[in-house]
Amino acid sequence: MLICPQCQFENPTDNKFCQQCGTSLTHNTCVECSALVPFDQMNCAECGAEVGVVWWAIITSNSRPVENLSATVYPAKGFNGYLDLQQRYQLLQPFPPPDDGGEQQGLVLDCNPFQLSVLEALVLKNLDDAPHDLDPDCFSAVTSETSHWADSMEALSLPAIAQPYIALNSQLYHALPAIHNAWQSEQQTVLLLEDRSCYSTLMDVWQDDEAVLPMLQVLQWLYEMVELWDAMEPWRCQQSLLVLDNLRVNVEDQALCLQRLYFNAIDGALPLQELGRMWRVMFAESQKTYVEAFSQLLLDVEDQKLATVEAVQARIEAIAQALQPPAISPLPDAMLDPRLEVARSAESCSLGSADMSAVTAPTRLELPIDEDEEDDTQLDSDEMPTIVLPMQLFNLEEVGRTDVGRQREHNEDYFGIETQVLKLESPSGKTLHARNLYILCDGMGGHAGGEVASALAVDTIRKYFKEKWQQTPFPGISNEGLPDAATMTEAVLLANKAIFDVNQQNARSGSGRMGTTLIVVLIYDTDVAVAHVGDSRLYRYTRKRGLEQITTDHEVGQREIQRGIDPEAAYSRPDAYQLTQALGPRDEHFVKPDVQFFELNEDMVLLLCSDGLSDNDLLEKHWESHVQPLLSSQTNLDKGVSELIELANQYNGHDNVTAIAIRAKVRPSLEHLR
Numbered sequence: 124m125l126i127c128p129q130c131q132f133e134n135p136t137d138n139k140f141c142q143q144c145g146t147s148l149t150h151n152t153c154v155e156c157s158a159l160v161p162f163d164q165m166n167c168a169e170c171g172a173e174v175g176v177v178w179w180a181i182i183t184s185n186s187r188p189v190e191n192l193s194a195t196v197y198p199a200k201g202f203n204g205y206l207d208l209q210q211r212y213q214l215l216q217p218f219p220p221p222d223d224g225g226e227q228q229g230l231v232l233d234c235n236p237f238q239l240s241v242l243e244a245l246v247l248k249n250l251d252d253a254p255h256d257l258d259p260d261c262f263s264a265v266t267s268e269t270s271h272w273a274d275s276m277e278a279l280s281l282p283a284i285a286q287p288y289i290a291l292n293s294q295l296y297h298a299l300p301a302i303h304n305a306w307q308s309e310q311q312t313v314l315l316l317e318d319r320s321c322y323s324t325l326m327d328v329w330q331d332d333e334a335v336l337p338m339l340q341v342l343q344w345l346y347e348m349v350e351l352w353d354a355m356e357p358w359r360c361q362q363s364l365l366v367l368d369n370l371r372v373n374v375e376d377q378a379l380c381l382q383r384l385y386f387n388a389i390d391g392a393l394p395l396q397e398l399g400r401m402w403r404v405m406f407a408e409s410q411k412t413y414v415e416a417f418s419q420l421l422l423d424v425e426d427q428k429l430a431t432v433e434a435v436q437a438r439i440e441a442i443a444q445a446l447q448p449p450a451i452s453p454l455p456d457a458m459l460d461p462r463l464e465v466a467r468s469a470e471s472c473s474l475g476s477a478d479m480s481a482v483t484a485p486t487r488l489e490l491p492i493d494e495d496e497e498d499d500t501q502l503d504s505d506e507m508p509t510i511v512l513p514m515q516l517f518n519l520e521e522v523g524r525t526d527v528g529r530q531r532e533h534n535e536d537y538f539g540i541e542t543q544v545l546k547l548e549s550p551s552g553k554t555l556h557a558r559n560l561y562i563l564c565d566g567m568g569g570h571a572g573g574e575v576a577s578a579l580a581v582d583t584i585r586k587y588f589k590e591k592w593q594q595t596p597f598p599g600i601s602n603e604g605l606p607d608a609a610t611m612t613e614a615v616l617l618a619n620k621a622i623f624d625v626n627q628q629n630a631r632s633g634s635g636r637m638g639t640t641l642i643v644v645l646i647y648d649t650d651v652a653v654a655h656v657g658d659s660r661l662y663r664y665t666r667k668r669g670l671e672q673i674t675t676d677h678e679v680g681q682r683e684i685q686r687g688i689d690p691e692a693a694y695s696r697p698d699a700y701q702l703t704q705a706l707g708p709r710d711e712h713f714v715k716p717d718v719q720f721f722e723l724n725e726d727m728v729l730l731l732c733s734d735g736l737s738d739n740d741l742l743e744k745h746w747e748s749h750v751q752p753l754l755s756s757q758t759n760l761d762k763g764v765s766e767l768i769e770l771a772n773q774y775n776g777h778d779n780v781t782a783i784a785i786r787a788k789v790r791p792s793l794e795h796l797r
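Heads up: the sequence shown begins at 124 in my numbering, then just goes up one per residue.
Don't read these hints as lab results, they were simulated from the structure. Just to be clear, a hint being listed does not mean it is correct.
Said to hold, decoys possible - The list that follows gives simulated cross-link-like pairs (lysine to aspartate or glutamate, EDC-like), each with its CA atoms no further than 20 Å apart:
| hint | residue 1 | residue 2 |
| --- | --- | --- |
| 1 | Lys589 | Glu613 |
| 2 | Lys715 | Glu613 |
| 3 | Lys667 | Asp650 |
| 4 | Lys667 | Glu743 |
| 5 | Lys620 | Glu711 |
What the hints assert, rightly or not - Here are the simulated distance ranges between beta carbons:
| hint | residue 1 | residue 2 | range |
| --- | --- | --- | --- |
| 6 | Asn759 | Asp650 | 24 to 30 Å |
| 7 | Ala445 | Pro394 | 25 to 31 Å |
| 8 | His712 | Leu547 | 44 to 50 Å |
| 9 | Lys411 | Glu309 | 49 to 55 Å |
| 10 | Asp689 | Gln419 | 58 to 64 Å |
Note that the coordinates shown come from a computational prediction; the quantities given were computed from them, not determined experimentally. Ideal Cβ positions, reconstructed from N, Cα and C, are used throughout, including at glycine.
All chains, full assembly: derive it from the sequences and hints.
Below is the structure:
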């Protein structure tokens, strides 16, 4: 099948244009001049921009090495300039001779980039057919589970060289290059990866005289290396961190990543001491001066005084604590939201996590305990001084989509998105300032009623915040942040009045009075405000807390629960799902929107949805397959929302379906530590 790059529609392989949106399936579109470029051309003929889809190829000979191998028989040149007999992967230039390990590496052009690769089709099929056997989330760094995962991939005939990329993808998706395809024959094994040769090496970034790196950033990289070391130990790939040129930096977010994986030279895991030796080389080449604590850290790791991952992590946390400037003082426990406290563990850590895109929660840094102290009260971590680093937004994406469903003849749902984003870039990375508005409504009142009410509510609230909140220059002189609860309520009541007035003017009565539910989300940098009326919902997904329903439905069943009635009894009523609030049917005295505020304190997906998607606990049942992947930057958000719509139509096709997905990436703000 051919996957349309615009709408993600699955087309037959012989289609030349997408059946759904008309996009060409035989040409790439130049991002510079919008010209159509054939797949087998690397550059646009109109403007010269690079357009082709390129993969990094690693070719390993499966035959015994032959001395003085002729350049004409290198395995990478066996198919008239292509890697495969089907002539999909074209060599962009002759590959160099095999290295000492018998490998060749180079770039290839994908001459059919919209078609799923053999590996993608194979793995996706097995994920659909047997999710429990191939669910990457069930594979932690435990040898027995790793063996089970490897057995599953061997059953799919996947080359051994490809297996770690697939098994570690969900855990280390930002640190590892995405794998596109892999196959093997009697002569050679071929692996195709995301091309990261254009990424700056870690040492280039480190040695850049124009970029003054905060010491906390260097600690961040060390912490990420320790986590990678631990995660790759079961797969015997720790050598990947010992090849200096293999360490790369995604300049967009200053995150450490790898160009590829290297298997250990020995049969088994490497001691952490090897990483310490690597660090000493890196610090020597950086030619920078650091505090004594850094030198002691390197010595203790290399001398095996710090011989475990946990011990090294604890030392790095202690150094980070000591680097905190005096201006940042410990906050009283009463002022700390418990959700901001991150325990020091493999799943949530102070300076980094398996998601290498950023630290995914405010950093909790704790001073180490003096080994000589024996007072048990000193060991209570609650008494330790805690510092919460401020977070900053560095990536924000959103996609909205609505569908009529499978039983309705018209769509009464409506949504609106209004964004204001300012991107600031500096040697320390990219920062976003956002002032965004998201609105979703589910109308009621029949044809020419529900859709009118939902559209009227969206337009009214959009205009209100455009004038009251988004009109001033951004970032501008004023920095008022989010509107307060009173302002949020005023906007909702204004929308109610607009619909109510139409009902009055048209003398609508009873069920003929049109109305709508409402969910409004405002984002100002890392602050979020929410207002809602009715049963349209806001969900929040984070790695640490999973899927959470943020709003509470305004319906009879929930009202009875709040009055103390047992939930089972409350929802046994025939009117349990009848709305207790909606915009439009009654005046402002009967509308009391719920307003709440929270922070984007870790990487997060916010999902606004109508009840066509949330009915029957659909998201609660399928969040692992349809919501969790949306947090990954490698997941196409547009495609993910489309798949949510398809899921709703499959199970809840009785109603219209609307969803807005927001993917926010944050990291600690290091500006004050420079």
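Comparing the hints with the structure gives:
Proximity of Lys589 to Glu613 is assessed by CA-CA distance (about 14 Å); at most 20 Å being required, the pair is judged to hold. Of the supplied pair hints, the one linking Lys715 and Glu613 holds, its CA atoms being roughly 10 Å apart against a limit of 20 Å. A C-alpha spacing of about 19 Å is found between Lys667 and Asp650, which places the hinted pair at or below 20 Å, so the restraint holds. Pair hint Lys667 plus Glu743 holds up; C-alpha atoms about 16 Å apart against a cutoff of 20 Å.
Straight-line distance between C-alpha atoms of Lys620 and Glu711 comes to about 7 Å, which keeps the hinted pair within the 20 Å bound. Hint check: Asn759 to Asp650, Cβ distance near 27 Å, so the stated range 24 to 30 Å holds. The hinted window of 25 to 31 Å between Ala445 and Pro394 holds, with their beta carbons roughly 27 Å apart. A hinted range of 44 to 50 Å holds for the C-beta pair His712 and Leu547, which are about 45 Å apart.
A C-beta distance of roughly 50 Å is found between Lys411 and Glu309, which places it inside the suggested range of 49 to 55 Å. As the Cβ distance of Asp689 to Gln419 is approximately 60 Å, the hint placing it in 58 to 64 Å holds.
No hint from the list above goes unmet by this structure.
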